[in-house]
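*Asks:* Listed here are the chains, written in short residue letters.
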Amino acid sequence: MGTTATGSEPRQALPPRRELLLRLVGRVNLPLLGIVILAAVLRLVQLQRIGLRGDEAVYVGQAGVLAGAHELDRYFILISRGNSNFLLYQEILSVVFRIFGVGDVSGRVVSAVFSTLTVPVIYWIALTFYGRRSALFAALMFAISGYSISLGRLALLDSTLAFFGTLTILCAVRFVHTERPWWLYAMAAAGTLTIQAKVTGGLALAVAIVYVAFARNVRKLATPRHLSLAALAAVVACVPAIIQIVQHWDTFRGFLGSSLRRNSAVPWYYYERLLLSYEGAIVVALWVLGIAFAVRRRTRGDKLLLLWIFAMACFYSLYSLKAFNYIVPVIPAVSILAGRALGSASYALRRPQLLRWTPAVLAVAVIVAAVPNITKSFDDRPYPGLREAAKWIAAESPRDAGVMVLSHGSAQYVFAYYAHRDSYPFGRFNLATILPGGEIVPASAPTGGAHTPRDWVTDWPNRLIADGTVSYLVYYTPWGDDPPTEDQVIRTASQRRLQMYVERYHGQLVHVEYRHHEARTWIYRLTTHRPRPVIDLKVNGPTVSVTGSGFMVNSPLTVTYNGKVVARGRSDQDGSASVTLATPQRTRPRSLLVMTDSAGRYASLVFPKPTMSDRTGNYAERTPPKPVLRTTATAGQVSVCGDGFTDAKGTISPAFPPPAPDHPTWPLVVQDTAGSCSTVTRLEARP
Amino acid sequence: MRQHEAPTILRRPAGDLKVEAPVHRLSRRRLAVAAAVVFATVVAVLVALLVPQRTGTPTAPSWSGEGVPCRSEPLTHVHNPTRLTVVANCATVSGVVRKVQYRPNDGNVHLTVAVDEKFQRYLRSANQGLLNVEVIPPDARYVIIPSVGKHATFFGAWVLDRNERRAAELHPAWRIVPDGIPVAQATPTPTTGSGKLSVAVDMPTAVAIGEQFRVVVRAQRSAAAKTAASEVRVFAEITNAAGKGVRWKAATTNTLGTASMDFIALHAPGTFVVHFYASKDGQSVVVAKPLTVTRR
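From first to last, the protein sequence lines are chains Z and X.
This note's numbering numbers the first residue of the first sequence as 1 and each following residue consecutively.
This note's numbering numbers the first residue of the second sequence as 1 and each following residue consecutively.
Rather than coming from a laboratory, the hints here were simulated on the basis of the structure.
Wrong hints could be hidden among the right ones.
As the list claims (entries may be wrong) - Derived SDA-like pairs: lysine to any residue, alpha-carbon spacing no greater than 20 Å straight-line:
hint, chain 1, residue 1, chain 2, residue 2
1, Z, 303, X, 239
2, Z, 303, X, 29
3, Z, 303, X, 35
To be verified - Stretches of chain X that chain Z covers, calculated by requiring three or more beta carbons in the stretch to come under 8 Å of a beta carbon on chain Z:
hint, segment
4, 136-145
5, 149-158
6, 255-261
Think of the CB as a built atom: it goes at the ideal place given N, C-alpha and C, for glycine as much as any other residue.
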C-alpha cells in the first residue's frame, strides 16, 4: 500500500470582505497614514478657540463675497491690497462656503487641509530621491514643524502656497524620473496655481523649470508639442487670474507698485530668529545637518533641494518687506533634507538587532523634541479678544455706528467681518485702506524721511469723528504679559495717540474683553464730535439765543454770564444745544457768556455791546458776524485775509513769514479784541 | 550614492548608444570657486543697491559745566521720551534767541535759537540752521527765559527728535544763562505782587484699568483776599512705582482758576503718583497725589 506525498495544507479561504480589507491594508502605507493623521490633528484641533485676525478676516471676507454673502460686499473687495495676490485660496474657500455656509472656522479648515496635504507630497519627493525611510522622516519633520502647524492653523494664503509650490516641485521631479510628459503638463498647471496662491510662488516654478532644464534625459521631450501642451495647461489653470487682472487692471497695477515700495523695519536676521523661535534649536539643527549632508553628497536630489532653499532664502532675505508668515515655502525643502539626514543616521548603527527599532526611536525622539514648540503653536495669549469685542459691538451698538480700531492695517476688518460695521484703522502703516463701500484710499507718501504715513493717526481720525462717522474707539493690548505688571499697557506713539483721542472726545468705557483673567480690549463710546465746543449768540430784542455744538451728547448745560448762572439747558444726540435767556441788564465789554457741559467743557463769547439806540430799552437785533478767514501761503510769505472782525472796517490783511514747520492740524487763530475769532487748520498754498 | 538611498528606477529608452565626443570639463573645485565668485558679486551688487546707506554718527557739543550740574538721566520728566534719542547727556551751546513760545499741548517753553557759528556743525539738515531748545515744566522755576534777540548760553541734553525728522534739539534745557548774568544768579525771581500762588487738586485715589478719571486743578492767589488765578500753567506727570513717567498732560487754568484734565487709565495695575507742576509769573507749586490703578 503506497502513500501519496502531500504538500502543505491548502490556505483556508477568508471571507471576501476580510480579503479585500487585507489587500487594502497591504497597499496602504500605514506609517505615512499615521503621519498624515498626526499632521491633520495638530492642524485641525480647536480651530474655533480664537477669532480671526485682521488678514484672516480679509481673506475670509473676500471668500464670503465670492460665495454670495452680500452683507460683506460693503467691506471687502475682490483684490488684494498687499502684494497683488490672486484669489485662489478665496475661490476654493468660497466653494466650501457655498456648501457649508460662511464661517470663520471653515477658512482655517481649508488652510489646515492644504498644510496636511503637503505631507504626502513631501513624502513622494523624498521617496523619489532617498528611499522610503528618509521619506517617512521627511514627512514627519513637516508634520511636526511648529512653524507649519502655526501657519496651517491660520486662514492665510501661505499653506496653500506651500502645498502648490511643493506639488510643482514634485511634478518636476516625477517628470525627470519617469520621462512621462503628463508630469510636465501637471508641473505647468501646478506652477500657475502656485503663482495664483501668492505671487511669490513664481519662485517655486522657477526652481522647477531650472531643475527640468538641467536634466539631460528629458531634453528630448522638449518638443513643440509637449511644450505647447504644457503652456496650454498653464493657461487653462491661469484663467481665474487672467479674469481678475482684466477686471481690475488699474487697481492691480497700483497695488503691485505700492507693495514693492513697502519695507519692514526688522533686522537682517529676522527670519532666522523667527524660525528658531517657532521650531526650537533641535529641529533647526536637524535642518542644518540635512543641508550639510546635501552639500557633502550633492546628488541630483540634493542639488534640487539646495537650489530650492537657496532661491527662497535669498529672495526673502533681500525682499524689503518681511512678515512672520512669508518663509513657509522653505519648510518642505528643509524637512526633506532633515528627513534624509535622519534616514542616513538610522542606518549608521551596525548591530542588526537595533536596526529594526532605530527608526521608531528616532521618530519618537524627534516628536518629543518638537513638543515644546508644537505647544507654543497653540498659545493664544497674544490674542486680545477682538472677535468677542466685535460681537459685542454687533449686539449693542446702533447699526450705523462706525468703529475705529488700533491697527497695523488690517485689524479693523475683524469688526467688519463679525459685526458688519463700518470700521476704520488707527495706526501707522504703508498699505492702502478699503473704506466701507469699496473706496480705495492709498497710503499717503511718507514725507521728510519718515518710513510710514501718519494719515490714519493725525488726519482721518479727526475727520471721521467730527462728521459722526466714527463713534466707537477700540483699544487692545496684543502682548501676552500676564499679568501686565511689568510692561505698560501703552507703549508706542500710536497707542498713546489713540489714548489721547479717547480723552479728547470723552470716550466712555462701555465694554471690556478679558483673556486669561486680564483685561485686553477696551471699547469706548465717544460722547462728543469736537475736541472743543463752540457757541454763537443772537440777540432778539429782550432775549438772547445761545446755540452751541461740540458738547457732550445728552449733557446738562449751564450758561453763565460774568460768573453768574443765567440759564440752563441740555445738549442733544449730536452734542448741540440751543438756550434762550433774558438779555442781561448791564453788559460789560469783557465779561464772558460761557456755556459749560457736565464734563466741564466750555465755550465762551463776549456779549455784544448794545448800540446807542438801545438806550431806550429797545435792543437792536444784531447778529454778531462770524469772521471768515482765508490764507494763502508761498515759500516766503503767508497772507491772511479776513472779514467780519470788529474794527473800523471789519476786515484784516496781515502777512507774516510762514511758520516752520507747517503742520496740517495745527490751528492758525486770528482773534480781535472783542473776542471774535476764526480758525484755519491748513495753509492753502498759492497755485 | 549610498545603498539605502534607493530612488525609484530611472527608465531609459533602449538603444540609446550614442557616443559623445570627449568634452573638457571644469573640475569641481574650479566650478565651486567660480560659483562662489559669481554669488558674492551678485550679493554685493544687490546689497549696494538695496541696503540704505547709513548716515554719519551724530555728534554733540561738549559740556562746559560752569557750575551747572550735569544730569545722568536727562529725560526724567520729559513727556514721551521714546521719541528722543540721546546723543549726549549734557551739552552746552550758545546763540541768539529768535523765538520764544509756550506750547499748551505739552507745557514746554520752546525757544528757537540761532546758534553761534562754532556750533553749526552739530546741527542736522532737518534743523534748517536753527536749534530748538525746550524747557520742561519741572525746570521752569529754575530757568530764565531770555527775550527774543538776546544772546545766551544754554545747558541741557543733546537729543535727536524722531518726530521732527531727527532734528537735533537741546531737550530738556535745565539752565539758560543770558549774557551779562553770572551763572550762579541765572535763576528767575518770582513776582509775588499779585499774591502767593496756591494750588489744590481734586482727583480720585483709585481707578480700574481702562476707566476714565478726571482731575480738577484749582489755582488761587492769596494777596489781600483769595482770588482765582487764571492762566496758570499746569503740567501733570504720572509716575509708576519705579519713578518712571508713564503719562503726561498739560493744561491752563481758565478765568475761574480751574483746569480739568481727563485721563484714561490704560496703565499696568499698580500704584502711581501724579505730580502737578503749576507755575505763573515765576512762582511754582508742586503737588503730588497718589493713584492706584486696580485690576478688573
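*Asks:* Now, for every hint given, state plainly whether the structure supports it.
*Replies:* Here's how the hints hold up against the structure:
At roughly 60 Å between alpha-carbon atoms, residue 303 of chain Z and residue 239 of chain X are farther apart than 20 Å, so this suggested pair is violated. Under the criterion of a C-alpha separation no larger than 20 Å, the hint pairing residue 303 of chain Z with residue 29 of chain X is consistent with the structure, at around 16 Å. A threshold of 20 Å between alpha carbons decides the hint, and for residue 303 of chain Z with residue 35 of chain X the separation of about 14 Å falls inside it, so the pair holds. For a cut-off of 8 Å, the count of residues in the segment 136-145 of chain X with a CB near a CB of chain Z stands at 0, and the three-residue condition is violated.
Coverage of the segment 149-158 of chain X by chain Z is violated in this model, with 0 residues showing a Cβ closer than 8 Å to a Cβ of that chain against a need of three. For the segment 255-261 of chain X, the proposed coverage by chain Z is satisfied: 4 residues have a C-beta within less than 8 Å of a C-beta in that chain, meeting the threshold of three.
This entry does not satisfy hints 1, 4 and 5, going by the numbered hints stated previously.
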